Amino acid sequence: MAKGINFASKYMWDMLLYSAMGCFSLILLTNYTDLRMPHKDNLITVQSFAAAIVLFNGVGFSMRFINEKLKTFYRSIMKNQNMMIVYWLTAGIFLFCSNCLLMIFTKIIIGAEAPFRIQTNGFMVIGGVWLVELVVAGQFMINRFYSEVIRLMKRSKELEESNAQARYMALQSQLNPHFLFNSLNTLIAEIEYNPANAVAFTRNLSDTYRYILYSQDKQTVPISEELDFLETYIKLHQVRLGECIEVDCRIPENLTDMPIPPLTLQLLAENAVKHNVISMAHPMTITIWTEKWGDTYRICFSNPICLKQGTGKSGHGLKNLSQRCEMLCGEKIEILNDNNKFTVKIPIPYE
Numbered sequence: 001m002a003k004g005i006n007f008a009s010k011y012m013w014d015m016l017l018y019s020a021m022g023c024f025s026l027i028l029l030t031n032y033t034d035l036r037m038p039h040k041d042n043l044i045t046v047q048s049f050a051a052a053i054v055l056f057n058g059v060g061f062s063m064r065f066i067n068e069k070l071k072t073f074y075r076s077i078m079k080n081q082n083m084m085i086v087y088w089l090t091a092g093i094f095l096f097c098s099n100c101l102l103m104i105f106t107k108i109i110i111g112a113e114a115p116f117r118i119q120t121n122g123f124m125v126i127g128g129v130w131l132v133e134l135v136v137a138g139q140f141m142i143n144r145f146y147s148e149v150i151r152l153m154k155r156s157k158e159l160e161e162s163n164a165q166a167r168y169m170a171l172q173s174q175l176n177p178h179f180l181f182n183s184l185n186t187l188i189a190e191i192e193y194n195p196a197n198a199v200a201f202t203r204n205l206s207d208t209y210r211y212i213l214y215s216q217d218k219q220t221v222p223i224s225e226e227l228d229f230l231e232t233y234i235k236l237h238q239v240r241l242g243e244c245i246e247v248d249c250r251i252p253e254n255l256t257d258m259p260i261p262p263l264t265l266q267l268l269a270e271n272a273v274k275h276n277v278i279s280m281a282h283p284m285t286i287t288i289w290t291e292k293w294g295d296t297y298r299i300c301f302s303n304p305i306c307l308k309q310g311t312g313k314s315g316h317g318l319k320n321l322s323q324r325c326e327m328l329c330g331e332k333i334e335i336l337n338d339n340n341k342f343t344v345k346i347p348i349p350y351e
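As numbered in this note's numbering, the sequence shown has no gaps in its residue numbers, which increase by one up to the final residue, 351.
By construction, these hints were calculated from the structure, which means they are not laboratory data.
Check the hints yourself; a few may be wrong.
Okay, derived cross-link-like pairs now, DSBU-like style, lysine-lysine, Cα gap no bigger than 35 Å in a straight line [to be verified]:
| # | residue 1 | residue 2 |
| --- | --- | --- |
| 1 | Lys-274 | Lys-292 |
| 2 | Lys-157 | Lys-308 |
| 3 | Lys-332 | Lys-345 |
| 4 | Lys-319 | Lys-308 |
| 5 | Lys-341 | Lys-292 |
Pairwise CB distance ranges, derived in the manner of DEER restraints [as the list claims (entries may be wrong)]:
| # | residue 1 | residue 2 | range |
| --- | --- | --- | --- |
| 6 | Thr-256 | Gln-139 | 50 to 58 Å |
| 7 | Tyr-146 | Ile-93 | 48 to 56 Å |
| 8 | Ala-281 | Ala-189 | 15 to 23 Å |
| 9 | Tyr-146 | Asp-338 | 50 to 58 Å |
Note that the structure is a prediction, hence the values are computed from the model and not measured.
Virtual Cβ for every residue (Gly too), placed ideally from N, Cα, C.
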């Protein structure tokens with residue numbers, strides 16, 4: 001219903017515009033051309049104005065129809081400057097000839113002498129009406145141009161968002177298989193050597209994957225949820241390592257609602273466990289805090305360095321995390337490696 005009303009309203013405004021142009025042209029024709037006074041009086045009638053309105057609406061809607069048909073070729077016309085020039089010249093010549101024919105037919109209808117002879121003031125009127133019609137035709141073309149630009153920009157944005165979402169999901173999914181592989185290896189070892197701890201490990205592993213399923217469709221989650229998930233994840237390793245690994249969280253309570261990409265802290269903790277020796281002789285304390293960064297904050301994740309022998313430095317996880325942050329907030333992570341400390345600073349996405 002609303003769509004039909006908008007459709008009728010759009011064409012009603014066009015009809016009013018064409019009717020006004022017809023009346024305007026008729027007034028100019030009767031007052032400023034070479035018609036004699038009796039002929040001019042014959043044109044200032046209701047029938048003459050009605051005929052002008054019908055004529056200009058016919059021409060106007062015909063141009064609109066042609067413009068609609070040209071939509072098929074619009075993109076190729078816009079890409080080719082020569083085609084644009086030909087299009088405008090053709091439209092201009094068509095409008096000028098239409099105005100000349102209108103004056104000739106008007107003279108024939110009222111019985112004027114020499115209807116095919118148009119004097120200077122007649123050409124001036126035709127030129128004035130022609131310029132007005134060119135403005136109207138140009139407005140049609142400009143409106144079409146901007147509507148096409150807006151449509152393409154909207155389409156481009158939709159494709160960009162869709163592509164970013166697909167890339168984000170692909171990057172996030174790369175974390176899960178690696179984590180599952182390590183977890184299953186740990187569970188197998190616990191079942192074999194310590195069945196009691198295997199029960200606690202299985203429970204924590206279940207909670208871990210429940211969170212992964214919960215967050216898989218989310219671009220960001222609150223820091224508080226990530227901290228709870230990190231605690232569960234660390235418990236998985238404490239089953240195997242004992243109390244040699246722990247987390248020191250220094251994030252103020254009022255900042256725990258800030259967003260962060262899901263699985264971020266787990267990835268960094270996994271990276272720390274993978275590359276470093278963790279034992280009673282070399283305990284690991286992971287420190288997490290926030291720091292002011294421009295108008296927002298960054299989350300800082302730091303762990304001591306005690307590298308394992310023969311551990312490769314693939315860097316895929318950190319690279320994926322950096323790409324995720326860049327997609328979400330336009331900034332990459334910052335990595336610092338000094339004073340026997342490995343620190344990663346993660347930008348907080350704007351919301």
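- When you take the CB atoms of Tyr-146 and Asp-338, is the distance between them in 50 to 58 Å? holds, 54 Å
- Between Ala-281 and Ala-189, is the Cβ distance one that fits in 15 to 23 Å? holds, 21 Å
- Falls inside 48 to 56 Å, the C-beta gap from Tyr-146 to Ile-93? violated, 26 Å
- Message: Taking the Cβ atom of Thr-256 and the Cβ atom of Gln-139, is their distance within the range 50 to 58 Å?
- Response: Between Thr-256 and Gln-139, where Cβ atoms are some 55 Å apart, the hint holds.
- Item | Agreement of Lys-332 and Lys-345 with the hint, judged by alpha carbon distance not exceeding 35 Å | Measuring from Cα to Cα gives roughly 9 Å; hence the hint holds.
- Message: Can you confirm whether the C-alpha distance between Lys-341 and Lys-292 stays at or below 35 Å?
- Response: Within the cut-off at roughly 20 Å; holds.
- Query: Within a Cα-Cα threshold of 35 Å, do Lys-157 and Lys-308 meet the stated pairing?
  - Reply: violated, 46 Å
- Query: For the pair supplied as a hint, Lys-319 and Lys-308, is the alpha-carbon distance within the 35 Å limit?
  - Reply: holds, 21 Å
- Is the Cα-Cα distance between Lys-274 and Lys-292 35 Å or less? holds, 30 Å
In this structure, the earlier hints numbered 2 and 7 are contradicted, and the remaining ones agree with it.
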